[in-house]
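Novice: So you can see what is in the structure, the chains are spelled out below.
Protein chains: 2
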Amino acid sequence: MIRDSYAPDRVEYFALMGIPLVEPGDDLTGLIVAALASNNMTLMEGDIVVVAQKVVSKAEGRIVTLADVKPSEEARLRAAETDKDPALVQVILDESNEVVRQHHGVVIVEHRLGFVMANAGVDQSNSNSGEVILLPEDPDASAARLATSLQEIGGQNVAVIVSDSIGRAWRNGTVGHALGVAGMRALIDLRETIDLFERPMQVTEVALADEIAAGASALMGQGAEAKPVVIVRGFNLVPDDEASVQTLLRSRDLDLFR
Amino acid sequence: MIRDSYAPDRVEYFALMGIPLVEPGDDLTGLIVAALASNNMTLMEGDIVVVAQKVVSKAEGRIVTLADVKPSEEARLRAAETDKDPALVQVILDESNEVVRQHHGVVIVEHRLGFVMANAGVDQSNSNSGEVILLPEDPDASAARLATSLQEIGGQNVAVIVSDSIGRAWRNGTVGHALGVAGMRALIDLRETIDLFERPMQVTEVALADEIAAGASALMGQGAEAKPVVIVRGFNLVPDDEASVQTLLRSRDLDLFR
Chain A
20 MIRDSYAPDR VEYFALMGIP LVEPGDDLTG LIVAALASNN MTLMEGDIVV
70 VAQKVVSKAE GRIVTLADVK PSEEARLRAA ETDKDPALVQ VILDESNEVV
120 RQHHGVVIVE HRLGFVMANA GVDQSNSNSG EVILLPEDPD ASAARLATSL
170 QEIGGQNVAV IVSDSIGRAW RNGTVGHALG VAGMRALIDL RETIDLFERP
220 MQVTEVALAD EIAAGASALM GQGAEAKPVV IVRGFNLVPD DEASVQTLLR
270 SRDLDLFR
Chain B
20 MIRDSYAPDR VEYFALMGIP LVEPGDDLTG LIVAALASNN MTLMEGDIVV
70 VAQKVVSKAE GRIVTLADVK PSEEARLRAA ETDKDPALVQ VILDESNEVV
120 RQHHGVVIVE HRLGFVMANA GVDQSNSNSG EVILLPEDPD ASAARLATSL
170 QEIGGQNVAV IVSDSIGRAW RNGTVGHALG VAGMRALIDL RETIDLFERP
220 MQVTEVALAD EIAAGASALM GQGAEAKPVV IVRGFNLVPD DEASVQTLLR
270 SRDLDLFR
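Same order as they appear, the protein sequences are chains A and B.
Using my numbering, you'd call the opening residue of the first sequence number 20 and step up by one each time.
Using my numbering, you'd call the opening residue of the second sequence number 20 and step up by one each time.
It is worth saying that the hints were derived from the structure and are not from the lab.
Predicted model only: the values in this text are computed from it and were never measured.
The beta carbon of each residue, even a glycine, is placed where N, CA and C say it ideally should be.
Heads up, a few of these hints could be off.
Claimed, not checked - Just a sample of chain A residues kept apart from chain B, beta carbon distances all over 10 Å, derived:
1. R29
2. G49
3. V52
4. S57
5. L85
6. R164
7. I172
8. Q175
9. L209
10. D229
11. E230
12. D260
What the hints assert, rightly or not - Chain B stretches covered by chain A per the calculated footprint, using a threshold of three residues with CB under 8 Å from any CB of chain A:
13. 62-71
14. 119-128
15. 185-199
16. 224-234
17. 254-268
As the list claims (entries may be wrong) - Computed footprint of chain B on chain A; a stretch qualifies when at least three of its residues, placed anywhere within it, have a C-beta under 8 Å from a C-beta of chain B:
18. 117-127
19. 193-203
Next comes chain A alone, as it looks inside the complex:
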C-alpha cells in the first residue's frame, strides 16, 4: 500500500534570474546552465526544471509571420465571427484537430496534441510585431531533450516540465499546466492507496505535473519572459522513462463537455 509517498513535506521553488530573451536556434540547455551558474545554483538529483513553453517554442523556431499566411475560406469566416485576424485564425486552425467552441475574441480548439485550449496556444504577446508563437512541435520530446542534456552536463537526474498558462472552462484567470513532461510520472495513480479509515481512496488520480506547473507558473509571471525557468526541489520523484503529458489528457470517450 502506498501512503502518499509522492507528497513531500517541504518543497522550494526558485526562479532563475537573468535568462536573456530567447531567439530561434538558441541552446536552451546552455542558457539554463549559464543562469544556474550566475544564480550560484547547482541542480540536485531529483530536481524538477519547469520551463515556460514560450522560450522552448522560440528556441525551436516555432514562429510564424502572419503576413506570410494565406487564410482559407473557413479561417476568414471564423475570423469574421470571432472578430479576429484571419491569418491568426488560419494559424490556429493549422495547429488544431477541431474547433470545440468559438465566441467573440476566442476560438477554443482541440490542439493537434490533444489539449483543449483557447487559440491553440498561439501567442501574440512577447513576440515581435506581426509574429506569433506556436506550441513546441512535441513538448514531451522537448522536455526529454532538456532532461537528457542537463543530465549529461551536470550528472544529476532531473525531471523537466514544459508549462503553459491555460484558461479553464469554469474559472477566470489562467493557471500553469504541463504541456510536456520528462523524467517523472505526470499522473499519480492512488488506486493502491488506502484512506485513514483503511478503505480505498475515492479520488484515485492526482495530476502532479499540473500541480507543479501551476506552482511554478506563479513565479514566472506573465509579462516577464525574464523568468521562464523555475527549479522545483523537494519532490519524491516517481521516475518514469515513458513519461508523457498524454497521460494527463482525458480520453475522448470519457469527455462529458464536448
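Since the structure of chain A is already known, use the hints to place chain B on it.
Specialist: The following block gives chain B in isolation, referenced to the frame of chain A:
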C-alpha cells in the same frame, strides 16, 4: 505599469506535521498553532496558510449520515442512472444549484456556491462509514475567520486559502483549487501590465490563488489527512480586504461549456 510584482523569485511550501484527526467542533486555529509550535515554526508576515477543505468542513461539523437522508424521486432516478447511492445523490442535489452533466458514477453539478464540480464536493473518503462530508457552508468566511484568529494569536498578517482537489473537464487527475480565500487577491489583473515589447499583455488575468492551492495540494497528498495544512512563504501578497473565491468563478454568461 505593473511588472509582475506579484511573482516572487523564491517560495517555500511547508506541510505542518502532526495535525491530529479533526473532529466536529475542533478549534482549527488552535490545532494549527499547536502544530506550528511542534514543527518549530512561526508564521511570518505575508505567509499564506493553505488548509484542506476536508478539515475545515469537519471542524465545522459539515457531516451528514446517509442513513438519515430520505431520497426524493429525482435523487432515486439519478441514482439509478448513475449507479450511485440514492441518499448520497440527495445530499449532492441539496448542495447544488443544478446538475450540469451526469454519467456512470459521477454527477457534475453547479455547487450552490458556483463551483462546477463532481458530486458537489461531497466526500466519502476519510470519513466514518456511512457519513459524508460537505463543503464548508461559506469557505470564504471560513478562510477569513482563520486569518483573523491566526493574526490575533501571532500578530502577523497572513492570507488563508481553503483548498480542494477538483477534477477538470479535459484532463485526468485532480488538482488543488481554491474554494475560499482571505487576505490576498485571488485573481491578479494584468491589464495594466506590458509585455517585453511594451505592448499590453494578451493574457490579462492570473488565478494566483488556484496556482498556490495546486502547489500546496502536491504536499498534502490524498490519503493523508495528517497533512491538511501547508504554509506558503515568499509571495508578494496583494492584500485584499474583500478577497473572495467568487472572483475566480466565470460568470454564467461567459460560460461556453454548459
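Novice: Next, verify each hint and record whether it holds.
Specialist: Verification of the hints:
1. Not every CB of chain B lies more than 10 Å from the CB of R29(A), the least distance being 5 Å, so the non-interface label is violated.
2. For G49(A), the non-interface assignment is confirmed: its Cβ lies about 21 Å from the closest Cβ of chain B, beyond the 10 Å cut-off.
3. No beta-carbon of chain B is positioned within 10 Å of the beta-carbon of V52(A); the least distance is around 19 Å.
4. Residue placement check: S57(A) keeps its beta carbon more than 10 Å from all beta carbons of chain B (closest about 13 Å).
5. Non-interface call for L85(A) relative to chain B: holds, since the shortest CB-CB distance, roughly 14 Å, exceeds 10 Å.
6. Here R164(A) stays apart from chain B, with its beta-carbon at least about 24 Å from theirs, past the 10 Å limit.
7. Distance to chain B confirms I172(A) as a non-interface residue, since its nearest Cβ pair spans about 23 Å, more than 10 Å.
8. Distance check on Q175(A): its Cβ is at least 20 Å (rounded) from any Cβ of chain B, clearing the 10 Å threshold; non-interface status holds.
9. Under the 10 Å C-beta cut-off, the non-interface status given to L209(A) relative to chain B is violated; the minimum distance is some 5 Å.
10. For D229(A), the non-interface assignment is contradicted: its Cβ lies about 5 Å from the closest Cβ of chain B, within the 10 Å cut-off.
11. Under the 10 Å C-beta cut-off, the non-interface status given to E230(A) relative to chain B is violated; the minimum distance is some 4 Å.
12. At roughly 20 Å from the closest C-beta of chain B, the C-beta of D260(A) stays outside 10 Å, upholding its exclusion from the interface.
13. With a threshold of 8 Å between beta carbons, the proposed coverage of the stretch 62-71 of chain B by chain A is violated, since 0 of its residues qualify and at least three are required.
14. Counting residues of the stretch 119-128 of chain B whose C-beta sits closer than 8 Å to any C-beta of chain A gives 3, which meets the bar of three, so the coverage hint holds.
15. Taking a C-beta to C-beta cut-off of 8 Å, the stretch 185-199 of chain B contributes 10 residues in contact with chain A, enough for the three needed, and the coverage statement holds.
16. Against chain A, the stretch 224-234 of chain B contributes 9 residues with a C-beta closer than 8 Å to a partner C-beta. That satisfies the three-residue criterion, and the hint holds.
17. Under a criterion of three residues with beta carbons nearer than 8 Å to beta carbons of chain A, the stated coverage of the stretch 254-268 of chain B is upheld, 4 such residues being counted.
18. Remark: the stretch 117-127 of chain A is confirmed as covered by chain B, as 3 of its residues place a Cβ nearer than 8 Å to a Cβ of that chain, reaching the required three.
19. By the rule of at least three residues with a Cβ nearer than 8 Å to a Cβ of chain B, the coverage given for the stretch 193-203 of chain A holds, with 4 such residues.
When held up to the earlier numbered hints, the structure conflicts with 1, 9, 10, 11 and 13 and fits the remainder.
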